[in-house]
Each structure stands twice: as C-alpha cells, then as structure tokens.
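Engineer: Assembly of the complex is requested from the two constituent chains, each provided in isolation within its own frame, with the hints serving as guidance.
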Amino acid sequence: MGVALALVIGLITLGTVILFAGRFWWFPEAISAHGPSIDRQFMLTLTIIGIAFVLAQATLAFFIVRYRRQGEQRASYWHESPRLEILWTTVTAVVFISLAILGQRVWAQLHLNAPPAGALQVEVTAQQFVWNIRYPGPDGKFGRTRTELINDVDNPVGLDFTDPAAQDDIVTVNQMAIPVNRDIHVILRSKDVIHSFWVPPLRMKQDAVPGLAINIHFKAVKTGQFEIACAELCGLTHHRMRGFLMVLPEPEFEHWLRQRAGL
Amino acid sequence: MTQAVATHEAPKSFIRRYIFSTDHKVIGLQYLFLAMAAVAIGIILSIYMRLRLAWPTERWPLLAKLFPNAMAGGTISPEFYLSLVTMHGTIMVFFVLTTAPLGGFGNYFLPIQVGAHDMAFPVLNMLSFWVTLAGFLVLLAAFFVSGGAPISGWTAYAPLSAIGEIAGPGLGMGQNLWILSIALFCIASLLGALNFITTTLNLRTKGMAMTRLPLTVWAWFTTAVLALLAFPVLLAGGILLLLDRVAGTSFFVPGGLIVSDKILPHKGGSPLLWQHLFWFFGHPEVYIAILPGMGITSHVLSTFARKPIFGYRAMVAAIFAIGVLGFLVWGHHMFVSGMSPYSAIAFSLLTLSIGVPSAIKTFNWLATLYKAQIRFTVPMLFALGFVSIFVTGGLSGIILGQTSLDIPMHDTYFVVAHFHLIMGVAAIFGIFAGTYYWFPKMFGRMMNETLGKLHFWLTFIGIYAIFVPMHILGIAGHPRRYAGTEGFDFLAPLQPIHVFITIAALVTAGAQLLFFFNFFWSIWKGRKAEMNPWRATTLEWTIPSPPPHDNFGAQTPVVHHGPYEYSVPGAAEDYILQTAPPAPTKS
Chain A
1 MGVALALVIG
11 LITLGTVILF
21 AGRFWWFPEA
31 ISAHGPSIDR
41 QFMLTLTIIG
51 IAFVLAQATL
61 AFFIVRYRRQ
71 GEQRASYWHE
81 SPRLEILWTT
91 VTAVVFISLA
101 ILGQRVWAQL
111 HLNAPPAGAL
121 QVEVTAQQFV
131 WNIRYPGPDG
141 KFGRTRTELI
151 NDVDNPVGLD
161 FTDPAAQDDI
171 VTVNQMAIPV
181 NRDIHVILRS
191 KDVIHSFWVP
201 PLRMKQDAVP
211 GLAINIHFKA
221 VKTGQFEIAC
231 AELCGLTHHR
241 MRGFLMVLPE
251 PEFEHWLRQR
261 AGL
Chain B
1 MTQAVATHEA
11 PKSFIRRYIF
21 STDHKVIGLQ
31 YLFLAMAAVA
41 IGIILSIYMR
51 LRLAWPTERW
61 PLLAKLFPNA
71 MAGGTISPEF
81 YLSLVTMHGT
91 IMVFFVLTTA
101 PLGGFGNYFL
111 PIQVGAHDMA
121 FPVLNMLSFW
131 VTLAGFLVLL
141 AAFFVSGGAP
151 ISGWTAYAPL
161 SAIGEIAGPG
171 LGMGQNLWIL
181 SIALFCIASL
191 LGALNFITTT
201 LNLRTKGMAM
211 TRLPLTVWAW
221 FTTAVLALLA
231 FPVLLAGGIL
241 LLLDRVAGTS
251 FFVPGGLIVS
261 DKILPHKGGS
271 PLLWQHLFWF
281 FGHPEVYIAI
291 LPGMGITSHV
301 LSTFARKPIF
311 GYRAMVAAIF
321 AIGVLGFLVW
331 GHHMFVSGMS
341 PYSAIAFSLL
351 TLSIGVPSAI
361 KTFNWLATLY
371 KAQIRFTVPM
381 LFALGFVSIF
391 VTGGLSGIIL
401 GQTSLDIPMH
411 DTYFVVAHFH
421 LIMGVAAIFG
431 IFAGTYYWFP
441 KMFGRMMNET
451 LGKLHFWLTF
461 IGIYAIFVPM
471 HILGIAGHPR
481 RYAGTEGFDF
491 LAPLQPIHVF
501 ITIAALVTAG
511 AQLLFFFNFF
521 WSIWKGRKAE
531 MNPWRATTLE
541 WTIPSPPPHD
551 NFGAQTPVVH
561 HGPYEYSVPG
571 AAEDYILQTA
581 PPAPTKS
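Protein sequence lines correspond, in order, to chains A and B.
The first sequence begins at 1 in this note's numbering and counts up by one.
The second sequence begins at 1 in this note's numbering and counts up by one.
None of these hints come from the bench; they were simulated from the model.
For glycine and all other residues, C-beta sits at the position ideal for the given N, C-alpha and C.
Keep in mind that the hints are not guaranteed to be accurate.
Heads up, simulated DSBU-like pairs for lysine-lysine below, C-alpha to C-alpha not over 35 Å straight-line [as the list claims (entries may be wrong)]:
| # | chain 1 | residue 1 | chain 2 | residue 2 |
| --- | --- | --- | --- | --- |
| 1 | B | Lys-371 | B | Lys-453 |
| 2 | A | Lys-141 | B | Lys-267 |
| 3 | B | Lys-453 | B | Lys-12 |
| 4 | A | Lys-141 | B | Lys-371 |
| 5 | B | Lys-206 | B | Lys-528 |
| 6 | B | Lys-371 | B | Lys-206 |
Under 7 Å between C-beta atoms, here's a sample of chain B residues computed to sit facing chain A [said to hold, decoys possible]:
| # | residue |
| --- | --- |
| 7 | Val-324 |
| 8 | Met-339 |
| 9 | Pro-341 |
| 10 | Phe-363 |
Same shape as in the complex, but just chain B (with noise of 0.2 Å):
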C-alpha cells in the first residue's frame, strides 16, 4: 500500500498560526500558558489564605488593592476566606492540574511521541482550548460580581451551593458563574479526550505497536480515557445544579428546608445524590491528575538513570489497574455522609486495593534507580522529588481509606496535608519535570540549570515544611475550611502550627518566581539547545527543537525499538533512539 504523506504548510497569518491555531504543539503551547496564569493565581489565592490563618485580624491594605470590595476593611473576612479556598481549589484543580500535563504537555508531545503529524481532529482540539480558555474567564468573573466568589468550595455540597444567596455570601451569581465554567471545562475535557484517544489508537507510526508507547502516552491514553468517562457525570451534574438554582427543580434540595426561618419550596431531592455525582467524577479527577505526573517521571527517571524503565509491562498494568479503581472508590470521600455503612466498607477495601498498583510503581521507580548512573539535571531532581512526594503523600491514604479511622480523619487538615502531597504538589513536580525536561524541544534553548537547582531545593524543602505539619493538626481534630483557630478552646494551641505553615508557604511561594524568571528569560535568552540535548530515545528527540509545523516532515518515522533502551550491552552509545535501525539479527 502507497501511503500519501500529507505535508502541511504553516499558515502564515500571525492569527491562524499562533492564537486560533489548529497546530497541536501550538494549542500545548496556549495550554501551558493558560495554566501557568491560573497557578500564579491560585499561588496568589493561597498566600492570601495562609494570611489569614496565621494572622486573622491583621489588616493588609496592599492586598486589600487587589480586592477592593471583598477586603473593604482591609482585613481577609470569613466570607472572603471561604471564596479563596472555592477558588483556589477549583482553579488548581481543573485549570492547573488539568490543563497544564494533559492539555500542555499531553496535546504537545502525545501526536510525537507516537509519530504522528498532528492530533486526530485538529480542529476539535482548538475548540477544546478556547472552551477551556472561556471556563476560565468566567470562574475569575465570580470574583466581580455582587455577592463575590461563592464560599461552598471546590466540592460545591449541595444544598449550600443549590439554594442561593440565602445561604451565604457568594452563593447567588458567583455560584452560577462556578457552575457554568465547570460546565465549559467539562466539555472542552470531553473534546480533547477523544482526541488523545484516537489519535492514540490510529495514528500511531510504523512500528509503533503499543508495547512500544513511551509511558507518558499511556498515561495521557488512560488519563483520557477517565476524562471521558468522568467529565459527562460531572457536567450532568452541573446542569442539575443550575435547574435547581434557576428552575426551581429539587434535585438535590429535600423538602422542609428552613434558612433564615424562611421555608423553602423545594421537596424531595437527595444532597447526598450530589455528591455521588460529585465523587463519580472527583475521584478518577484526582487519576487524572496524578497518571501523567507518573507517567513523565518514568520517562525522566529512566532517562536520566540510563536505564530501561524496570517492569514497562507491569508500569502499563499499574496505570491501567488504578485506572479502572479509580471508579469503584468515590464512595472514601463520604464514610461519614451518612451513606450506608455497608457501602463503606466496600468503598474502603476498593481503596485500600488501589493502594497496590501505586506501590508497584513506587517499587518500579526505586528499582529503576538500582544500579543506575543517574545524571543529576533539574528534570531528574523534579522526577526524583515526585518519587518522595508520591511515596509521604500516597502513604496517609492507608490511614484514610479505613472506615474506622476516617472517622476522626474526615474532613481535618489530615485530609488536606494528604490530597495536597498526593494531587497536588506531586502532579506539580510532575508538572516542573516535565517543563525542565521538554524545555529545549519546545522552544529551542535550554532552561538555567543554576536556577533550576535553585528552585527545586527550595521548592522540595518548603513542600515538605508546609505539609508535614498539617499532618498534625488534623491528628489533633482541627477542621479543615476554617478561617481561623478563634472559635474553639482546643483549636487554639495549635496556632504556631499554622504560623509556621503560613512562612513556609510565603517561602516556597516566593521560590516559584525563580521558576517563571527562568522560563521567560529562557525563552529568549537561554542557551541554543541541541536536537536532543538529554541524550533520550523517544521521537520527540529524533526531529529539530522547536520541532517545524507538521512534526515530521514528509519523512514519517519507521520505529524499530522499545521507547527505553538506555545502556543496552554492545550498543555503540548508551541510548537507541526509537527510530535507529533494528540491530542486525545473527543468523
């Protein structure tokens, strides 16, 4: 069979080609950018809560610039604390942990790592970033309107978040506004995950069977595979929600409700109906999050260790396994909802199962190490970081995953310290090798190694400093979603604590700028870098950085060896690329 190789031309109008681009690395690009916005925002967000936790009556009339109305007095209010702790989370969430290593990196590097020109349907990919982009927007526009951000979190309980203002600050527009972005996010997700599929399962080079995948396009594959399968249950939700704040519908507002000693009208909807919509999505959400972080540390680890990747077969199993627990464990989040107990006690074995296929990758990575010759750039250190981050964080989910001591756990800082380390700051270590790592090929020039260093100690320590402590005050009871230690007796002692956390967090907040100096002034100033500067396997490494238009030219690349052949015995060098010719059978 002739096979016609369609050879794009780049559009040459600056708008075509950069803002309403269907070029796959050019929407990863938009991507990153999106997301590196929303995290400085969200950083932003958190300094603000981690003020007013240390120091709740301080008044800060610099910050109060930013938020003129919601800090009128110039303190941070209650009310404006719970808005920040919505936002923070629902923006970390979707529009970091989402967007930045399934909608960056999994839009620029998936179609290359498989050898493809562009993603399956271009066109739909655009749309997915520019929905993405308009979610966002209006999440931000909550903090403009009356009332302000809503105040009933990233998990948005019913019935707080479906019975409006009467309720609370923040739970008229700003909440509809919420509802409305996450349904945007919602659709953008489903767009983009038939696209990662697809193109995964047809667009797949000449000897690019599946047993030759690099590990980061399993884990984008299954990642998509979970949005898929998650985001319709969310966005299905969402829509009830709204009918049951606009439409007057009683999805998840029982009858007899009293707010404010006025009866509502609503009857007969289920608040517990919510959260397993809520959880369905928001567990697999937490997979989705955390597959491509461990898929980009295999394949920085196994580089920079010069080794293959250990147990490949059993790292795609493990994704796959988590992949397919990832649905059957929402019900940990609500032991104590009043849920069947019976429920529980599956839902707690599910989770405790899921623990397995996560220890396996741990095993995997540290045995990768074993007899290694690790080559200490900044991606390793990221990858090498996440390890230990994924390891302290993964660890307190066997205290949470039991019925029995959830009981105390649920819904303290424990929990916090917990999905902070495992979904949030391991994915960002992800996230930052990934960034290091892919650096060169996306823009040509290398990032500044001194500064990197810099930033990953920093940022490793101050993690450690701000999240090991939070461990402790959820062991001592204190809820999480305070605004402060001042209404309860047993709280108070606790308060250094919550100092301490508070400067480590200013510290390694402030780390971050070392992080987005380097990657501006990198772009333009940094060192020209090679095809393939880190001396790696993959295709990626096989085209020029930046890589042109259509990937790879009118030559589509043939593949001959698995995606991690470091240090194979006899080889000339110490790494084959993808695309070396087989090695010559004895015969």
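Chain A on its own, in the form it takes in the complex (with noise of 0.2 Å):
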C-alpha cells in the first residue's frame, strides 16, 4: 500500500511538473511595457514554489515508502528538533517575505506613481455586458456629465452637450484604441455594477466600482487587436461581456480618431 501511494504521489508530481513546465497552455504574450516584469517574478514564483512542490511531494512518498510499518518494531519516540524547527521557520519566512517584497516592485510602479505627464487619457465606463469608450476629443478635456442624460442608444455616458468641453468628446462602445508605445492613462468607472477590466496580455486587471473613478496607467508596446473581458461577475451575460482594444501605430491611431469624430 505503501509502496502504491509513494508510486501515486510521484506520478502525480510528475504530471503536474511536466503541465506547468510544458507549456501548453500558458499566458499570452505580454504587449505592455510592465508586462515582462509581471511574468519574471510570476516564473521566478513558479520555480521557487516548484521546487518546494516537488522536494515536500518527494518527501512524503519517501516516507511512505522508507517508514511503512515493518513487523512489530517500535516507532522512534523523536518528537522534537529546536534547532531543526528554527532553521526550517527561518528558511520559509526569508523565502515568502523577500517574494513578496520582490513582487511590489511592478505594483508599486503601476499604483503608486500618478500617470506619467502627457499620458493619453482614455475614460472606460463599465455597464452591463459593454463597455463605454470615451476620449477628451482635441481639446484634450472630458466634458461634463449627467446622469439624467443617460440613455444607452445616443447617448451612453451622459455627455452634457451644453458644456463646450463636451461637444468633441468622443464616445464608441466596445472599441478601445490606443497609440503604440505612448502610457495610457485610463480612468474606470461604471454605471450599474462592479466590472473588471480585463485584458491578459497587457497584464492589467482592475476593478470598475460604481460610485468611484480609479485611474491606472500602462503603455502598450506591441500593436494588435486583444480582447477586453469582463472579469468580475457582473450578472447573466457576465462570460459575454467582450470588448476590443486596438493597439495602433500613432499615426493609425489619429485616423481612427479622427473617424470616429467625424461620427
């Protein structure tokens, strides 16, 4: 038996060190400037806790099979080690405490500097199952909003066409372009709800709370068309709930603007 389930674990560790080393599902490329950070401390996370997965796996099937009950011998009544126990609580505390020190270096950059000077701003204003896009036009100002003016077919953010800053923003739904190589700064809000804004290959996930505007910042660096997606539940059509966001050299970037102004 004991033999068996040393066999079991080891095939199991086996299987799950080949899934993760193997690649065969795995992150999209990273096409932000903070993106490769995120996924070298995620490796270097990953090799470390690897590494005790298989020794602590390795471990216990070896005991299993070394300490498996022989005859009538007595166990040994060893029950404790001081010096042992302090060496292994100091090991793992150093370990975890210098990761997470290590793993707010990306966080710090990301949340605790304001958006660079000159950043692009976009607004991104969450709803059920879209997303509301809006750009300050060339004026570079968001115009007022009201709530009042809300409607979903003309008009998704309330925009107060009264207000001269208002009358070249400009607003599309589900369709987020940004300017390759340029930090973008967004400014989330949403209308009903909590959302998520979620796209995996910029490595940027944040929240969308109702009642709150939060800003994040991050520059895209390869250009493409990537999925926005809907990552806190947020009601029926939660898994539906899909966007795009462009990421355009500068130049193709202003046309589309320019497009989408002329609207």
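Structural biologist: Spelled out as structure tokens, the structure:
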C-alpha cells in the first residue's frame, strides 16, 4: 500500500511538473511595458514553489515507503528538535517575505506612481455587458456628464452638450483604440454594478466600481487587436461582456480617432 | 473538595433522544448527516456546472427533471449556471466545510476528548443545530421562488446583490432568502462557538492541562474563537445588505446608479464596504474550514505513524498564529478592487507571513512520519492525502498573495484551483479522515476497508486530475464565473481542458457513491468495533463504542499523559492511554 501510494504521489508530481513546464497552454505574449516584469516575477515564484512542491511531495512519498510498517518494530520516539524547527521556520520566513517584497516592485510602479504627464487619457465606463470608451477629443478635456442625460441609444455616458468641452468628446462602444508606445491613463467607472477591466496580454486587471473613478496607467509596446474581458461577476451575460483593444501605430490611431469624431 | 458527579439519564422518548436532543453526540451526528445531505446536493450542482462548461449547448432532459423551471429548455442557461455557482459555493462553504468538521466532529468529540459529560450549554447546542438546519432549508428554497436562486455568487458583491431583480434573475426573492439563510447560519455558529470555547476552558477533566489537549481540540477551540469574532461581522453585513434591498437604505449602493436606463434612488453607499465586511469574515472562514482538518490530520497521522506528533508546542503555536494572522489578511481578496494600493502592500506582506505557520505544520507532519511505523488504514490514507493536497493548494497562495502577480491571476481559474484545493478538498480529506477514523466510535462498527481504499484512490487521483489543469486555465487568463468559453476568441483553445476536467469530475463524483454506500451499509452491517480498534491514546478510546449517553458514566476520567504517547521507550505497549496510571517515578 505504501509503495503504491508513493508511486501515485510521484506520478502526480511528475504530471504536474510536466503540465506547468511544458506550457502547452500559457500566458498570451505580454504586450505592455510592465508585462515582462510581471512574467519574470511569476516565473521566479513558480520556480521556487515548484522546487518546494517537488521536495515536499518527494519527501512525503519517500517517508511513506521508507517508514511503512515493518513487523512489530517500534517507531522512534523522536518528536522534537528545536534547532531543526528554528532552521526551517527561518528559511521559510525569509523566502516568503522576500517574494512578497519583490512582488511589490511592479505594483508600486503601476499603482503608487501617478500616470506620467502627457499620457493619453481614456475613460472606460462599464455597464452591464458593454464597455463605453470616451476620448476627450481635440481640446484634451473631458466634458461634463450628467446621469439624467444617459441613454443607451445615443448618449451612453450622459454627455452634457451645453458644456463646450463635451462637444468634441468621442464616445465608442466596445472599441478601444490606443497608440502604441505611449502612456495611457485610463479612468475606470461603472454605471451599475462592479465590473473588471481585464486584458490578458496587457497584464492589466482593475475593477470598475460604481461611484468611484479609478485611475490606472500602462503602455502597450506591441500593436494588434486584443479582447477586453470582464473579470468581476456582473450578471447574466458576464461571460460575453467583450470589448476590443486595438493597439495602433500613432498615425493610424490619429486617423481612427478622426474617423470616430466625424461620425 | 468533593465533586458531585452528575449522572445524566438518557431521555426515554424518541423525540427527546434523537430529534430535539441536547446530547452533544446526537447533535454532532445531526450536523454530520446535515453535512452529508448538503455535500450530496453541492456535488450534484457542481456536476451540472461542469456539464455546462464542457458541453454548453447540450440538452439534458433527464437532468432537467430536477429543475423543471430553471432548465425549461433542457439546456443549462447562463443564468442557471450562475445560480449553480452561487448555491454550490454557499452550500459547500457553510453547510459542509463549516458544518461537518466543527458542528459534526467538534460537537461529538470535543467534550469527550477533554473528558466532559456534555457541552457547557446543551440547550444552546441543540438550538444551534436547529437554526443551522433552518438556514439550510431557507437556502434551498431559493431554487423554488420566482426568479430562482441568486446569480451573485457566494460573495454576493454589492451592488449586484443589493439592487434587486433589475440587476438580473434570482436577485429578487432568491437573494433575500440567501441573506436570511446566511444570517441564520451566523447566529447558529455564534451559539456553537460559545459552547466550544466555554467547554474547552471550563469543563476539562482532572489532569487535562491545556498542554495535554489533543491537537483536534486545539483546532476546534481556535476555530470557535475565529467563528465568534468573524460571524458577527458577516451577520451585520448581511442585515445592512437586506436593508439596502428592502428598506431603501444605501449602505453599499452609491448614488447615480443606472440600470437598464433607469436611475436608482440610492445615494452615498460604498460597494467596497461590503467587500471589507464580507472578507473580514470570509478570510477567517477559510481557516474555520481548514483548521479542524489540520487538527484531525495531526491526530490521525500520529496514531498511524505510531509516533508522537512532531513539535506539539509548535503545532499549537502555528494554529494560533494562523488564527491571529487570519484576521489581518482579508485585503488580499481586494488587491484589484480599487482599495488603496498602499494597504494592498501591507496585506500582501501579512498574507505571505501566514504561509510560515502553514509551512511549519507541513514540516511537522513530515517529521512525524520520519522513522515511523506507518499503518496504511483508510483514515491514514486520507490524512496523508491531506498533507499532499495541503502542500499543492498552499503553494499557489504564494503567487496569489503577491500584489503584482494577483493582477493577472485575480478572479481567474487559478484562484478557483487554489481555494478548492486548500479550503475545499484538503478540508474534505480531513473530514474523510475523521469519518473513517471515528466511525467505529460513533457507530460501534467498522467501515469496510476495501471500499474505503478504493474510495481513497479514486478521490485522490481524481482531485488532482480536476484541479491541477484548472491552474493552467487561470494562467491562460480564463476568468472565473464564466458560463462558457464561447464569448471570447482567447478562451476557445482552452475548451479541451474544460472537457477533461468535467470527465475527471464525473469520475470523482461517482467515486463518492462508494463512500455513501460504505457509510450507511457499515452502520448496520459493518464488523463490530472494539473500544479502541486503532490502539489510540485519547479519551474517546477509553469508553465504549458507541459511547453511553453521559460519556464517562459515574467515573470522571483522570488524565496523566500527553495526547500522543506512541512508541514510548520502555512502555509495555506501543501506546499509552491518556488515562493510564502515571509511570512510576524513580526515586
């Protein structure tokens, strides 16, 4: 029984390692400036916990075989070793806390720094199953909005056109274009319940909370079209709340924006 | 001081004896049977979920018979899927993972293991069970009201859960019943927690110093303290949420909300407040579920390794450290919620700190096996399985606890895999270990060994087959609580993993029938058990199987030894009962 159990634990461990090391399914390629740092921290952590995983399961399996019952022999009465206990407590604490501290670097860069000056501002207003995207337009200023003016047909964010700054604002639905290699400052809002702005290749996820304007910033360094998924349960068709992020070269982005303004 | 020993007569009437009983053992069994009913339902719901995820458009006419309204077309609709998510999570967390190890085993064995005749407050104890049962029935009723069960998940995040049916199906009466059920559960848990704490502190028998308590008792005691401090917060949160829904208050709902082009009348509430209240309860709840499993595992490992548990004092300290730190890490559920990024850093450091006592426990379990003489009984297999799964499920927490890594991982299947392994499956393995271990004591008969081993093998392998691939889904970016992969191009290539997981889940769920059959068959037909079939040391093994109404009769036990005196050099047997006369002191 002991041999069989050790064997099964060994096979499970091997299978797990192969599944993670083989990367048959894995992260999509990172397209943001901060993405590779997150991936590196992930791989560092995964390697360390992978080693811990293999060591712990192997020790368990080895002890199961080595110390299975043999006749009527007594077990050892050994049950304390202050030196050993202090050693493994210290090692674990140092490793865990170091990882926690290392893990803060990208976090601090993303969340403790204000969006860089000159970043392109985009407002993303989530509502049940739709992403409303707003650009400030040529004046660079978001116009006033009023809740009473919101309607899903032609004014999804409730622009108040009596405000001159509102008149050139550009609003799109589920279509978010951004220029490549430029800092983007997203102001996240929600009209109804909590949603979460999640673009896997961007390595960026942030909840959109009604009543709050949450600021995030990032820079995309690769062009292409990517999906925006909702990552916070928001109701009936949460699993179909899809938007598109188009990372375009600057001229194409300007062109795209002008086209939207003309509409 | 002369001590009057109250010998309780067992009540004569059937109702007083088995239904409205104040006997902690009967109440413990009532909790266990409730948890068994709940886990059966919870597993069935998860099968429906897995079928939807693997084959989203398939019609299941036979399965639709159980839910004729929700599955009117024969298919599992997205809204029904979300109802299943909510109900599966709620049933499993509250009515299985809290009810079985604490309400079930805790009630049955805590008084016996400390040498008491009953709990400190037997009537409160009875009330606690009946209120829990009422909570369970109210929860199930949510399936049958108009709109069906709520779709807001077991975390019931506001405003989704706070603004009524306008936000989605099941968020009307179904959500109200959900809140009521949770409130009842909170009240019941408070009554239970008071009992556990008082009994441990005040009713220990002569010689049962705190340092001689079995680790199971330490675990239940700490768990009860957590429950006492955590459940009131959820209760308060639940009441506020209910007021937001029915009384027009705005605790969790901000102003200017627009749903379906309608402006809601709320003003000034905070959705994050609900998350703070919920997780202030919710994180300790994770430890409420897992600590008793840790206690049972320590207990069972020591018994069948025939060795004292390694580092008893460190084990107690680790349980306590986990209990205390468990209250300081709730914010790691909220890294991307919009909470202050500075507090996220503090929560992250505290979260990885809680890994240290968890690691200590793992080291001590392994060290307990070092130079052991392992007996591979069914409870031992599940305890060893617990250690393996606890390691696997715990280590992924090192990823999730880091602020920056939580950005891609949060709310993906990586989280689902992590918490199912660590708080779901590990805790269930603790429950299985406890069931196979204490069954002979509870029913006076042994469970079938062959069936038990078959159950272990299928479950152990099945669990890994289900949950290891789930991590990969999360790494690929798959959000949780999605009714399918059909909405996104980047999810489509992951569909084969879903099919694989569903097949593994079906096999694993089927294997649980072996357990249920074994359990009920053995109650009537199992081999008769002796008083101490495992040759174990603690007090429950000094009394008949099943124990009489007042446990120890007129004889109050006197304790002379620690709880894990196995293979003591020079002793006549390889175990020393806690009540054995003290070793003659050399003078």
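Engineer: Against the earlier hints, flag every one the structure doesn't satisfy and list their numbers going up.
Structural biologist: 3, 4, 7 and 8
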